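Novice: Each chain, written out:
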Amino acid sequence: MEYYLQLIVNGLVVGSIYSLVALGFVVIYKATKVVNFAQGELVMAGAYVCFALTVQFHIPFVWAFLVTLVFSVLLGLVIERMVLRPLIGEEHISVIMVTVGMSSVLKSVVQLFWGTQIRVYPQVLPTEPVVIAGLPVAPVYIAAFILSALLFAVFSVFFKFSRMGVAMRATAFDQQAAQSMGIGIKNIFAMSWCIACVVSAVGGVILGNINGINAHIGHLGLKVFPAVILGGLDSLLGAALGGLIIGVLENVCDGAARQLLGLGGFREVAAFIVLVVILMIKPYGLFGTKEIERL
Amino acid sequence: MQGKCGLFFTSYRAEAQVFPSGFQKSMVGLFLAILCAAPFVLNTHLTSIVNLVFISVIGAVSLNLLTGVCGQISLGHGAFLGVGAYAAGQCSVHGVPFPLAILTGGLVTALVGMVFGVPSLRLKGIYLAIATLAAQLVLEYVFLHGGALTGGSNGLLLKPPSILGFAFDSEIRMYFLLLAFAAGALLMVTNIMRSKYGRAFVSIRDFHLSAEIVGVNLFRYKLVAFGVSSFLAGVAGGLWGHYTGYISAEQFNIGLSISYLAMIIIGGLGSVLGSVFGAVFIVLLPEVLNALANTLAGFWPGIALHVVAMREGVFGLVLILFLIFEPEGLAHRWRLIKAYWKLYPFAH
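In the order they appear, the protein sequences are chains Z and H.
Last residue of the first sequence: 298 in the numbering used here, with the numbers rising by one and none dropped.
Last residue of the second sequence: 349 in the numbering used here, with the numbers rising by one and none dropped.
Just chain H, same shape as in the assembly (with noise of 0.2 Å):
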């Protein structure tokens, strides 16, 4: 690894820390307690706002792992969401403590995802994405007819999730509560990439056949990608469950799972900083559409009937121009600005 210059390493302990300079723990440390002071400026609106972006982050990480670190493509993350929610919601419409909820929610989602994850030993590339769309519609379908598992259509009704008896009620509440998840999330997935796991994840996805041929068991691993990643969003599942307080069929829908493949695509494939990013941007931007829309009404009272429409549009529109102009995403951008204050003012 590269340090900043004068940075230098006497041990391969402290060459393989997670943040290796005092200067970068302290960014880090200070960046903490700015997200920790947030809540107690912003307005009940743009918390909630945050409080959807930290549960984007540890759905959009825990698909980063599986697609863009192992290479396996998934269209049906955003049912795997919805069985963690399923699960974690039962679990808490019977009385079980919530942080034992949420882990239900995320094993449950692990065993599902692994049993999806099997066709992926003889299937790549296309026609694993196909098969996982079928996983995605699959679940769609059970979520909308599991009748009293899935309460069908009527959905499931949660109370605000607690912990030893302190109720996350209140929205500055859950964003603690959800920013801890995310932090956790985004440490786990970390580490994982830096283990062997991460390292035979790489190997996989760059090249499959010599990753086998150094003896990589290419099944227990893709198993473990689709179970590790599942368990993730099933966490996040359970999280936005609880935190919305509502799971419908509607919420888990195909649109959920590209929006998540949007998220690490325009945040960087492979990378946990592009997860953050994509997932920040994802959920800002039919925000920002909105506030865009309302200032427009002004001059143009018609616009709002065209918002929902255009908005879809935009989506889409942006999702082909990051492809073509960007396409290794904002987590590339972040590195190259990083590099051009590092060598500033000599840049070449």
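Chain Z with its partners taken away, still in its complex shape (with noise of 0.2 Å):
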């Protein structure tokens, strides 16, 4: 029993990581219709930066990690700007390879600076496990937990009520109404890649705290299909539930393989059955937008 329960903890606290991810996939799809298979390799980056400030340029892990962000809303721009912006209006399978012809060049470039092998970032919170429940708990764990919860906030937040972010849901609900209201689609969609760049970093920010890094992280990305189309490909509160629920769902499944069957490596699959139960069941997700075409 206690060998679950701990699989359902470490379930949440990755399944938090995934729902930032998530979060970050949604908001550029809600915005620009764009499905971004470079998710992960922006984890990637923003790991890396962080890692690369800290160790390597010895900044403190506070100062680090806010030029990491400074950075992914730099990055979010450039993608942007260059890569996506020439490709509004094409079609669905040009802007999917577009995006995963960016997660290759990314991924060549961490490789090319800092190899291959595991990095590990240094300690910032205590080792010490924390007893919760009669279960050790790492305080990385909860610090992990709580950050996402709180970036979750701050975004729900932020759509909620401010001006940018009203606007940024009124482009995902009908992009030539809100031109005509007076909104610049172009700086919505500029910062629908910001935010996404920022809440990826964070989550590999958190990720390289737990884990290290190493170039193959960005391999996390293909997690978060199975969280948004569970959650709904553009429903925030769909993003969080699908995150949690996949990272619990994974490491029980993974556990369960292992002891029962024993069976390695069923991690990588179980999200992706689950998968392809809810696009036969429910294509549209728990709280998606169904679709509905006339002609």
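Keep in mind the hints are simulated off the structure, nothing from the lab.
The structure presented is a predicted model; accordingly, all values stated were derived computationally and were not measured.
Backbone N, C-alpha and C fix where the C-beta goes; we use that ideal spot for every residue, glycine too.
Some hints here could point you the wrong way.
What the hints assert, rightly or not - Distance condition first, Cα-Cα at most 25 Å in a straight line; then the derived BS3-like pairs of lysine-lysine:
# : chain 1 : residue 1 : chain 2 : residue 2
1 : H       : Lys125    : Z       : Lys36
2 : Z       : Lys285    : H       : Lys26
3 : Z       : Lys36     : Z       : Lys293
4 : Z       : Lys285    : Z       : Lys189
5 : H       : Lys125    : Z       : Lys293
Said to hold, decoys possible - Now the stretches of chain Z that chain H is said to cover, found in silico as 3 or more residues with beta-carbon under 8 Å:
# : region
6 : 80-94
7 : 111-121
8 : 135-147
9 : 280-294
Stated by the list, open to error - Computed, partial: chain Z to chain H, Cβ under 7 Å:
#  : residue
10 : Val65
11 : Val76
12 : Val101
13 : Gln178
Reconstruct the complex from the two isolated chains, following the hints.
Specialist: Take a look at the structure:
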């Protein structure tokens, strides 16, 4: 029993990171209808920049973290401007493939600078585990969960009350109507890429603090797909819940497969089997908008 | 169809030919002659590259039929190749003759492809792309943990194929075998595209609701598209497995699916000729990079370490640049060049 409780706790932590990455994905999809296959590589980019700043340039962690956020904003602007803007109005497959190409480029740049071996962040938080309800939990896990929850709260408020947030929701609802009300669509697109890069970078930094980072960390981006499909491609709440559910689910399935069937590596596919089932039963997810077609 | 100046058709049959003019026929004949002579001129390494091009041509043209012509995005094509490779490989290991093994590989893959094509009735665009991505990852897991069926992480070892006692055990012999298969696949897809099925596929791609209204049975034609495409992918996979002599799960990862998509995008979506161009381009790209690195290594010894990392980056960069600057692909550029020479020197 304790084995599974531990799996659930670990799943919640990993799931909160999935949620963050899924949030970035959903923000981009909502505003621009772009499916971003490079979401995992944005996580990787943020993680490596923060790593370089703290370890190689010896900048205190908090400052390094802030500089990473600034870098992410710039990265988002560059990507939107250079890569996505020329493709506005192109077919699905072209837009998907351009983000795939972008992920290759980002991966290759990171490997060029930092190689492929695992890099470990310096310990920022105490390593002594805290006991919650009889389970020992590392402080970094708690911090990860709290930070994710905090970011979600911030963005919920942002989308609900700020001018920019309302404009983004309007654009997501109907681009033409928003444009005719004087909203600059291009700014919205740029903004959504910036937000996506920032939340992904935060996810990357948290992940780096938990497990260390290597060049394959971008693989995490694939896990976002089950999470967002489960939650609904264009729902923020869906991203949060989807991420947590997928995180827990894959950890528990993996643990169960290992313990009961002796199968290793089930973690990689558990989420995707769930994904296929969801697509069959409820293709628009828990909170997604149904696409209605008419001639 | 618009022919060259002075080329007139007096019957529908004449107009519907694949190669309508004598000039085109002689050019294709010349090209085939060059291809047949090539392995005797090229060295073994270059021949092996051309062999890989042939296999990629089959895979690319099959994906192009599904994604370029029928509009069903598949991110799982690499895994479909894998299914074909394992199925054909298992047949060969158990002593089934090579042609039958390849055929079985294709049929098994067609079946698997159709199973994964079933969601395509309900899912479109992005959702289908993600569903096929799931297919890719699930199949990859099966390859790695399939036990006796796939050889698990050890993979399968295969002997060189042989037909009626004639063993294809050298690069040159494989060359002609693969050339025949590639030419057959190209001819098959060209003819499918000219048939009722091809027109139905295009109508589904262009607007599925109108297609349904004019009487195209969406479910049936989408399944046929998945089936035929996976069949050819399975054949390509089977050939690849027999060619390399070793099948392992890493060969058929998501990177392979992506490079096939890159081939059809760089070559030209929905174009048979484009699939050939794309396959040539993507297979040659790393070779050219390696050659470049070897040349540069004289001036900058450390570069070999970086080439591996750079290869993927260059691939991504090429993909992005093509999508931005040449979204219609190389086939479109080829048409423009031909038009230019047709009108030369009166370009306007």
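Novice: Are there hints from earlier that the structure breaks, and if so, what are their numbers?
Specialist: Per hint list: 2, 4, 8, 10, 11, 13 violated.
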